[in-house]
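S.K.: Model the placement of chain B on the given structure of chain A, informed by the hints.
The listed protein sequences derive, respectively, from chains A and B.
Following this note's numbering, the numbering of the first sequence begins with 66 at its first residue and continues without gaps.
Following this note's numbering, the numbering of the second sequence begins with 4 at its first residue and continues without gaps.
These are calculated hints, taken from the structure and not from any lab test.
Certain hints may be false.
Here are some of the chain A residues that sit facing chain B, going by a computed Cβ distance under 10 Å [to be verified]:
hint, residue
1, Val79
2, Ala83
3, Arg123
4, Gly127
5, Phe128
6, Asp142
7, Gln153
8, Gly158
9, Asn256
10, Ala259
11, Leu261
Virtual Cβ for every residue (Gly too), placed ideally from N, Cα, C.
Residue-level listing of the chains:
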Amino acid sequence: MSDRVNVVLAEDGVLLRAGLAGLLERFGFHVVAAVGDAGELLRAVADRQPDLVVTDIRMPPGFHDEGLRAAVQLRRDNPALAVVALSQYVQHGYAAELLGSGDGRRVGYLLKDRVVDVDDFATALRRVVAGGTVIDPEVVRRLLGRRQDPVARLSPREREVLELIAEGHSNAAIARTLTLSEAAVGKHVGNILAKLDLPPDDNTNRRVLAVLTYLRDQA
Amino acid sequence: MPTLHNAIRSRRFLITWWPWRSLAFVLSTVPVAAAVAVPFGLLAAPWLVLLRKLLTGTADPVVALLLFVAGAVLLAGLGPLAARPLPRLERHRLRLVGDRPLVATGSPWRRLGYAAVMVTAVPVVYSALFVTVLLIGVCLFSPVLVDGGPVSFGVVTIVTAEQAVPYAIGALVAAAGVPYLLALTAAAHAAVARAVLHTASAEALRAELVEVSRSRARLVDAFEAERRRIERDLHDGAQQKLVGLTLQLGLARLDLPDSSPAAGAVTTAHRQAKELMGELRELIHGIRPQLLTDLGLAVALRDLAGQTPIPVRVTADLPRRLPDHVEATAYFVVAESLANMAKHSGATSGTVTASEQAGLLVVEVGDDGHGGADPARGTGLTGLADRAAVAEGRMLLASPPGGPTLIRVELPCPTA
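So here's chain A without its partners, still in its complex pose (with noise of 0.2 Å):
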């Protein structure tokens, strides 16, 4: 990772922007500014050119989803820009307008209580950073917790592969968490994109667009 990664912050609330802010700077994130609202956000990101850009979704003026529409509307000005949503609540289809913007990499989409655990929050951003792509835990459990038809395919390992490429992680990674051989997790990854339809082809990230398709679905 680059030494210094400059972030613009919004986030409505005062006292829990100063606690991201604080907690950004603590985890060595540089950020270049904070501000209230998705307008403000928009004004920050074309000053700053910032390389992350963290933000509520649910803000002023009408706290609705001001703060989705504009993360997609930088995307789509500038796809090579990470961007992390916080989100009050599941919302697949944000998840899926997210992981749709640009080429799926380099966002993240996450419940807003995870900010808490400061640590894995940390490490989220910078997964993100580094051109990871996060989905919030709890989205892909209730992806998973449904008996649908392409998950049902799926057996309980490599659906728990799944998950784990949802939250960003690596093969190697995944192999730690699951204690299994690296070539193992990489068959498992195998069946599941064989599983899900989802062609080889060099040019497309097919462990997102894995993620992507049942996101697609719900939405």
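M.R.: Relative to chain A, chain B alone:
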């Protein structure tokens, strides 16, 4: 229900508010009766003239008939109009002597009848009451009054203070009866007023029902607004602060060496704060789901379906946002139905449809399970029906043994 009738029989009557309430009622009757007497005196003027002529023997039969008809026409024609404010006024005054609300009559003849009572029986009875109380008062003070000259009660004349003493003692005893006298008069008047002015006609009942359902609708609206406010306050206030606090605890833990005694305490505090966050989130969700508030019923229903372990297809065609209480009722009914479906139905798939049809939000929850859902067996179905009823809607259930089960909820949602 406390009423004057019951209170009089109580031994503690004299030390309650009832004698004072009776006094207030009796005193307030005077201006009311006077206010009624003025217009009715004018309307009955032909009859008064007729009465005078009859008494003096100067009545010409034709004139007498004309006067009688004129009086009758005036009273019948304008009397009900003059008596118009009377039922409402008495309704308020009757609260003084009893808590049972009076459903004021709409009938002009009953109003007129009551006005007649007010200008005939009421002056007579109240005058008798006044004279009695006056008599007791004079007797009571007769030992003092005789100083200014003899006191005469018609048949008896008291000249000396010694003569007056027995009367004063008698009056003292009688004075204790005055509150009862007041209460009896007020109670009798109230009974007459109720008998004449109270109505139990179907029309009045309907009017009452309309009023009740309106007030219920207002309550439901107020209640829903209150829920929203609580949800918002909790979310913008307590929840935000709690997340901030938990975050700070998480950061504090990072800077503590594992070996330090504080590390354990901060770790515990962090864990407890996280648990509290979860509880608060559940609480807020139960009050009014934020997803529903932010994104509306269609999205919230899809979210509910997404959380059900059985695959549920949602068809929600709702182009506009519906009133708060309608959305909330529909949401909680579907949530409960889906929970029942997952727990009891044995279904392998379900459907939820929601659409607006002619001022009604129609929500249907169906499954392919074994049916046999029975509201009598307490599966939360009665609760659902109650929820629908509070929103002035209704719930229909079809669940034959062997299935399938279909729950249909209709909620009125005015286009305003």
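S.K.: Could you run down the list of hints and mark each one as holding or not?
M.R.: So, going through the hints one by one against the coordinates:
Satisfaction of the interface hint for Val79 (chain A) is found here, the shortest Cβ-Cβ separation to chain B being roughly 9 Å, below the 10 Å cut-off. Taken as an interface hint, Ala83 (chain A) checks out: its beta carbon lies about 8 Å from the nearest beta carbon of chain B, inside 10 Å. For Arg123 (chain A), the suggested interface contact is upheld, since its CB lies about 6 Å from the closest CB of chain B, less than 10 Å. For Gly127 (chain A), the suggested interface contact is upheld, since its CB lies about 9 Å from the closest CB of chain B, less than 10 Å.
Given the 10 Å rule on beta carbons, the hint for Phe128 (chain A) holds: about 7 Å separates it from the nearest Cβ of chain B. A least Cβ separation of about 25 Å between Asp142 (chain A) and chain B goes past the 10 Å threshold, and the interface hint is therefore violated. Because the beta carbon of Gln153 (chain A) sits about 6 Å from the nearest beta carbon in chain B, less than 10 Å, this interface hint is met. A least Cβ separation of about 7 Å between Gly158 (chain A) and chain B falls short of the 10 Å threshold, and the interface hint therefore holds.
Interface hint status for Asn256 (chain A): violated, as the beta-carbon distance to the closest one in chain B is roughly 23 Å, over 10 Å. Interface hint at Ala259 (chain A): violated, since its Cβ lies 23 Å from the closest Cβ of chain B, which is beyond the 10 Å cut-off. Taking 10 Å as the C-beta cut-off, the interface hint given for Leu261 (chain A) is violated, the closest approach to chain B being about 18 Å.
Of the numbered hints given earlier, the model fails hints 6, 9, 10, 11; all others are met.
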